[in-house]
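Assemble the whole structure, with the sequences as input and the hints as a guide.
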Amino acid sequence: MRLKSIKLAGFKSFVDPTTVPFPSNMTAVVGPNGCGKSNIIDAVRWVMGESSAKYLRGESMTDVIFNGSSARKPVGQASIELVFDNSDGSAPGEFAKFNEISVRRRVSREGQSEYFLNGSKCRRRDITDLFLGTGLGPRSYAIIEQGMISRLIEAKPEELRIYIEEAAGISKYKERRRETENRIRRTQENLERLTDLREELGRQLQHLERQAAAAEKFKAYKQEERQKKAELTVLRWQSLDNDLQAWRGKIRDTELELEKYLTERVSLETSLESLRDNHQERTEHFNRAQARYYEAGADIARIEQSLEHQRERSRQMAAELDQAMANQRELARELEQDEDKLAGIQEELDMMEPEQEALAIRSEESGEKLQQAEDAMSDWQHQWEDFSARSSDARRQAELAQSRIRSLEDAIEQLLTRQRKLQDEQELLEGQMDRAELEELLDQQETLELKREEAAERIAAIQDELYDARQHQRDAEQAVSEERQRVQSLRASLESQQALLDEQMGAGDDVLQSWLSRNDLGDMPRVASQLDIADGWEFAVEQVIGRFTQGLCLPDIDQLSSAMREAPRGLALVEAGASGNAGPTGLAAKVSGVPGIASLLHGIDAVETVSDAMGMRAGLQQGQSLMTPEGVWVSRDWVLMPDSDAGQVGVIERQKKVTELASQLTEAEEALEAASEKLDELHERAERSESARDEAQARLSEADRELSSLSSRVSGLRARAEQIDARLQRIRDDIEDVSENLEGQKESLQEAREEWQLALASSEDSDEEKERLLEQRDSLRENLDRLRQEARHDRDHAHQLQLQLQTLHSQRDGLRQTIDRMQLQKERIDERLEILRESRESAEEPIEDLQMQLEGLLDRRLAEEEKLGAARDALEEIDREVREKEQGRSGTDHRIQEVRSRLEQLKMESQALEIRSGNHIEQLKELDVKLQDILSQLPEGANEKDWADELERIGNRIQRLGAINLAAIEEYQVQSERKTYLDSQHEDLMEALETLDNAIRKIDRETRQRFKETFDQVNGGLQALFPKVFGGGNAYLELTGEDLLETGVAIMARPPGKKNSTIHLLSGGEKALTAIALVFSIFQLNPAPFCMLDEVDAPLDDANVGRYANMVKEMSKQVQFIYITHNKIAMEMADQLMGVTMHEPGCSRLVSVDVDEAAALAEA
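Residue numbers (my numbering): 3 to 1166.
Since the hints were derived computationally from the structure, they do not count as laboratory data. Hints are supplied without guarantee of correctness; some may be wrong.
Result set (EDC-like, lysine to aspartate or glutamate): computed pairs, CA atoms no more than 16 Å apart in a straight line [as the list claims (entries may be wrong)]:
#1 Lys224 - Glu928
#2 Lys75 - Glu1146
#3 Lys1004 - Glu181
#4 Lys6 - Asp90
#5 Lys230 - Glu952
#6 Lys224 - Glu1146
#7 Lys230 - Asp951
#8 Lys887 - Glu202
#9 Lys1060 - Glu202
#10 Lys1115 - Glu1134
#11 Lys252 - Glu911
#12 Lys981 - Asp198
#13 Lys1004 - Glu183
#14 Lys453 - Glu697
#15 Lys927 - Glu202
#16 Lys343 - Asp822
#17 Lys1061 - Glu448
#18 Lys1119 - Asp1137
#19 Lys680 - Glu484
#20 Lys453 - Glu704
#21 Lys828 - Glu341
#22 Lys981 - Glu202
Please read all numbers here as calculations on a predicted model, not as lab measurements.
Take a look at the structure:
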């Protein structure tokens, strides 16, 4: 089974669906940092069931979903699918028949994760079970991510053991052992519950027999109680029926009174309705008068408002007329001012236009003179350029020489400064080295390592002692559990037998127990408990003495002479004194303990078999008889067979069994107490061992901490010393280089100064010609500047005059427009004044008419007000009459309400009597009797009190019976069957526990064997591969404990030429090589289908990378390797190159290259 491809979609930076094929056994994944190479490793870990986001470089499981980039939106889910080629059929279990196996996992933003196996939805456990024992898993040795190398080497022994277990293929055994332990725990819990149920059932069965006997008495009493209860119910019904007739008469009288009051109320309502009609008419008359009054008031208000409006309008027209006249005067004044301004601007324009024409002619003349001066300056510029061309070479050489001199002087100064700094740093570093302190720390480190080894040996010894203590403790716990079960079983049997014995002794006979209590005989011993009968003859003796086995042993029967008159039936008393016989013979010789019984056994001989008794029968005398152990009683004249089966347990035999059980229970309790004490002692021993182990572990941890701290200091000092030595050597080399450069720079400086002197001499010849040309340039430049200034002055003056003309033209045009606009406004204002004068005259005309209308309306309102007062008085009179009638009706309603309330009360009480009577009828129906039948059976003088007293007496008798279980017999049978079923279940559980214990022992034995074999093979592989990787040295694995089920695994490595005492002292590259050797030794033993390596070669130099790559190449014949690398040597060894890039920010892309095909293409 090998990995064929990986399909990614929405996983981290692989947002687009991407398929990563693996056609060969050597595939290298390359690309720049941060492009998503390690996401391929994370994808494999994730799909194999990784549940911790920390191991996937995230904070939650949703972090594996693509979260968007600058150009892409986030996606809603991530999916990874691994496709395996299983053409060789190496897959475990039922999957061996598939040529291709697909494992897929999908997660959404809601955090829901789903697994699929060959397209079918499955559980996470199904995925982990598929890879159990194959070396694959989310945290197996087959997937080595960044940083895992250091964690693998620096892992605790318990953590390193996990890799050995995975290589041994015992992880599935550990899973089975855990499941078996869970089953044992559940089985023990079921067993405890089952034991409780069996004990509870045993106690229930003791009471069910007594309950069945009381059930018959209860039925008889209940039948009598039912008859009496029916008769009492009929008597109560008769009493209630008489009361009901009386109440019905009261209801009829109350209804007549109610009719009288209702008639009176109807009369009042009729008169009240007539008054209301009159009230309505007078109200309408009042409303009309009031409306006319309000209408007059409204007209007055309207006229007053119109009058005020006309006055306000007149005042407003006068104000507007004044404002319009003021506007007219202001506009005339502004129009006169604008016309004056327009005349002044026109005069100024007439004066400036001739001056503008003269300035334009003078500006053209100055432009022509300026052009001639510029042409003369241009001719001089050509002469100067010719001169500059001739003298530039000499000047350039002088400038270059001077620049070089300055550069060389600066370089010499910098070299001198650097030389001083290096010398100062050399003196400072030489003063910082402290080799004496380093030697002292190394001595302390050796001392601490010795202490640590002593503590480790002490822990190993204590661990062995603790293992023995725990083993003995488990055995003791098993013994205590067995003894406790035995005690519980004996106690349950004893209680059951004791209950049966008490039942046989008459414990359920209340009359007998009452008599014994009155005569203080409740504590006297029973005959059966005092008898000592030879083995096998208990049944025979009980056949003879019968009920005497239940009798009481008394010192003197004569003391009970007076009490014997009230003695209950079935009582048996036996004196405990001596019988006076010389020596018992026959059956009496087999009985002792109660001498008074001997007289009952007198004349009865004991024989072994019935045939012997029948053979001796003819020779028996009168009064003699024979008894066999089976209870067959033979006389000369008769033969009496036993009245019960010998297998049925009698009182004597049961008493003997109770005594034996009590003795066995005492022994078992003593054994339980001894086992408990032993268990407590073992607990204390284990606790002492654990305390000693913890103390030794603390000392070891303290030594480890001190050693770690010291190692850090030693490593720091050593690294610091190495850095200082290396720096000093570099400083010496730099000082030599600086000295050499300083000499060379000084020589170059001397040469540059000589070249500069030569260049200065050649440049002195051209100075005279230069002076002449410069004087000519100054003359031409002065003439050119003067002409330019004159031309600029003429041009500026013409420009300013032009601006003034434009401004005056604009002002003239603006004033003309303003004057036209003002003329128009003046005409509009004149029209407005005419309109306002006419409006003012028209507004003053209606004011006198409105004043006359107002006076007429005021007179009308006075008249309407008098009419309104008269209507109001009439309305108040009829309101008073209506109120009086309504008060009378309210009184009548109140009396009607009282009568109705009294009537409702009577009806409710009558209804209550009917309900009670109906309840009695329902009770008779529940008792399944008829009212007429009971009435016919009742005697003449029957009364409710006598019948209630009789019913109470019957109830008391039922109460004295106590709690009655009518289904006692059936329940007893059901519970007995259940008890038998539970006993069989108990046996099955005990057998299951034994089976599970055997399974765990078998798993432990197989685990120890496989772990030991795998450990030896991996250790041998490591010892062989380590020298090959390092070119020498040695490494080995060692166990930290004796118990192969729990011991940790430590790795010791010493590269060539080193004697380090711990692997933590190795460098990063040495740790990486050691881890590679360990992983490859595991792969040699149990090669996983594929191996993933994430930048394992990062800390290695080129030589070690070559060894690492060769080893991977060699092992790729059996194992498929997929590794991420930045090293060219490792890339060259690959058959297939996978390039991961980020063509788009935040989104990974894949490019695949076959190395052989690429090489062939390059050669072609």
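So which of those numbered hints doesn't the model satisfy? 6, 8, 9, 15
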